[in-house]
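Chemist: As you go down the protein sequences, you meet chains V and P in turn. Numbering (the working numbering) for the first sequence: 1 to 298. Numbering (the working numbering) for the second sequence: 1 to 305.
Quick caveat, the hints were computed from the structure, so don't treat them as lab data. Be careful, since some hints might not be right.
[Stated by the list, open to error] Below, simulated EDC-like cross-link-like pairs (lysine to aspartate or glutamate); rule was C-alpha separation at most 20 Å, straight line: (1) V:Lys120 to P:Asp219; (2) V:Lys141 to V:Glu127; (3) V:Lys57 to P:Asp207.
[Stated by the list, open to error] Short, incomplete list of chain P residues facing chain V, as computed with Cβ under 8 Å: (4) Pro18; (5) Arg46; (6) Phe221.
Source: prediction; values computed, not measured. A virtual CB, placed ideally from N, CA and C, is assigned to each residue, including glycine.
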Amino acid sequence: MTASPHNDPEPVVRFDNVGMRYGRGPEILRDLSFDLPRGSFQFLTGPSGAGKTSLLKLIYLAAKPSRGLISCFGRDVATLPRDELPDLRRRIGVVFQEFRLLNHLSVFDNVALPLRVAGKKRSDYAEDVAELLAWVGLGDKMTALPATLSGGEQQRVAIARAVVGQPEILIADEPTGNVDPEMGMRLLRLFAELNKLGTTIVIATHDLQLVRMVDAPVMTLANGHLHIRPPRRQRQREAELREAAHADPVQVDPTENVPEQTDIPEPADEDPTDALDAVARAMEMPDEDESDEEDRHG
Amino acid sequence: MDDGLPRPPSGGAGRLLPPDAGRDRPLFLVAAILVFLACIAALGARGAWQQAQNWTTELESSLTIQIRPVEGRDTDADAGRAAEIASAMPGVRNATPRTRDDALALLTPWLGEGNLPDDLPLPLMVEVELEPRAAREGRVAISDLQAQLDAEGMAASVDDHSRWARAVRRAAGTAQTLGLSLLALLTGAAAAVIAFAARASLAARTDVIDALHLCGAEDRFIASLFQRRFFMLGVKSGLVGALFAALVSIGVSLGRAPADMAFFLPQWAANPFELILLGAAPLLAGLTSAVSARLAVASDLRGRW
Chain V
1 MTASPHNDPE PVVRFDNVGM RYGRGPEILR DLSFDLPRGS FQFLTGPSGA GKTSLLKLIY
61 LAAKPSRGLI SCFGRDVATL PRDELPDLRR RIGVVFQEFR LLNHLSVFDN VALPLRVAGK
121 KRSDYAEDVA ELLAWVGLGD KMTALPATLS GGEQQRVAIA RAVVGQPEIL IADEPTGNVD
181 PEMGMRLLRL FAELNKLGTT IVIATHDLQL VRMVDAPVMT LANGHLHIRP PRRQRQREAE
241 LREAAHADPV QVDPTENVPE QTDIPEPADE DPTDALDAVA RAMEMPDEDE SDEEDRHG
Chain P
1 MDDGLPRPPS GGAGRLLPPD AGRDRPLFLV AAILVFLACI AALGARGAWQ QAQNWTTELE
61 SSLTIQIRPV EGRDTDADAG RAAEIASAMP GVRNATPRTR DDALALLTPW LGEGNLPDDL
121 PLPLMVEVEL EPRAAREGRV AISDLQAQLD AEGMAASVDD HSRWARAVRR AAGTAQTLGL
181 SLLALLTGAA AAVIAFAARA SLAARTDVID ALHLCGAEDR FIASLFQRRF FMLGVKSGLV
241 GALFAALVSI GVSLGRAPAD MAFFLPQWAA NPFELILLGA APLLAGLTSA VSARLAVASD
301 LRGRW
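Next up, chain V with everything else stripped away, as it sits in the complex (with noise of 0.2 Å):
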């Protein structure tokens, strides 16, 4: 993710110039460029009805664009055949804000879905599926109705059911709007593992705290237009460089040598029983000094 757009050559995104309207009505989107690199980690805010939802619509091909190009996957999406949505749909898992979860479907089959619909054989994948709800805590909920859970564990299917499929963009729409700080620091934890495992992702919130967790590149939407914010390093990175090119002035590029690794910090009180935390255990995050907090307010 990038300041200056289409400098990757293969984004799994890229928006060009893209303006988007409902009907008749004022364009909420105007003049969209950007990429999503392959394995980047990043955030999208703004205020409320500033079109964070309609622009991931457009991300995972719910919505078309008034104008201009979106290609994604190298697809341009103003020429794909309908007949080809779902295979790119496959590779993008999505979690809404509302969820969206069947209310007919026990979790476990809520979860199986995007299996299910891809033709896979039940007995196929019946394991990993348990394994996941077991991952994601909910491994003695597997037969619970959704109206059943609180707010946070149907958060938690819909999470496992985006990422049942192994997607290579994971969008999710609010994730912690429905829970409590600690369980949306969990949950940031389980997206920056599943980054880290090379899935692209796109986080939409209005939760600055959650925002400060990562050092992610962060897409501002405001009157329809978006700013995005490069990541401190890079912003740290590209003040050290100008300052050296002062001293001696040679061309470097900005973009070079930024790590895209987002590291997150241990919450101090954790539930030891929670299966999450198992997770976040496992993953072995270095715990980021608080200084840097302070850094980016100084």
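Put chain P on the given structure of chain V with help from the hints.
Modeler: Leaving out everything else, chain P in the frame of chain V:
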């Protein structure tokens, strides 16, 4: 047992389309009624055809020779001679001359008894019974018979009943066409009702359909879900409709239906055709339902994106 590994729940996967609790019931009723009417129409068409077949076979397997009284000839003797000639023809089983008394008996219902003068000339009939097979295959040389009778000098005319048979066949054909048209109309109505219901069901379940789509479901996957559901609905309503049609038909043949109603309703004939027709009705209803639901859903989905 507890090796720490999570176990997937046993049992089959849940249905992707939520059960439409009670919402399908009126549709089921309409479909069952349509199948019932279609079965009655089909049985009726079949009955008309069968009846016409019986009548025409009866008509075609006999001839009537009419001997008109002519001045100077003995009509009774002519009738006897005509019967002899007819009996000698190939394909004829027997020929029976009717006497004057028989002719009078035929007139009695109209003219009363003894109201005719004895010397009133009456035409006489000779009933000729044919071998059914020969009659069916047209191997009886009717024109030969007419020629031989003419050669004898008698005023005889041979009637092979073909005029009546034609009329009966035409009437039966009309009844049959009517029945089949009704069948086609009812099938069309059923298909339209199912298509409408499938579209409504699709619209009512946008949440599920969207979730399936966004999980990467293909249109044909979703269409198959509806196809399966509506196949089952068709089969069930077909079973009920066909069962009621059979009951009504049996009731008619047992004489339980009022005579004026029985005129319109087919009689139960436990022959293979009826059984196959009623047995196939649920399957045909299921197929009609499945195909129209699939087409409706597929065309609706194509309009998206």
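Chemist: Which of the stated hints cannot be reconciled with the structure, identified by number in ascending sequence?
Modeler: 5
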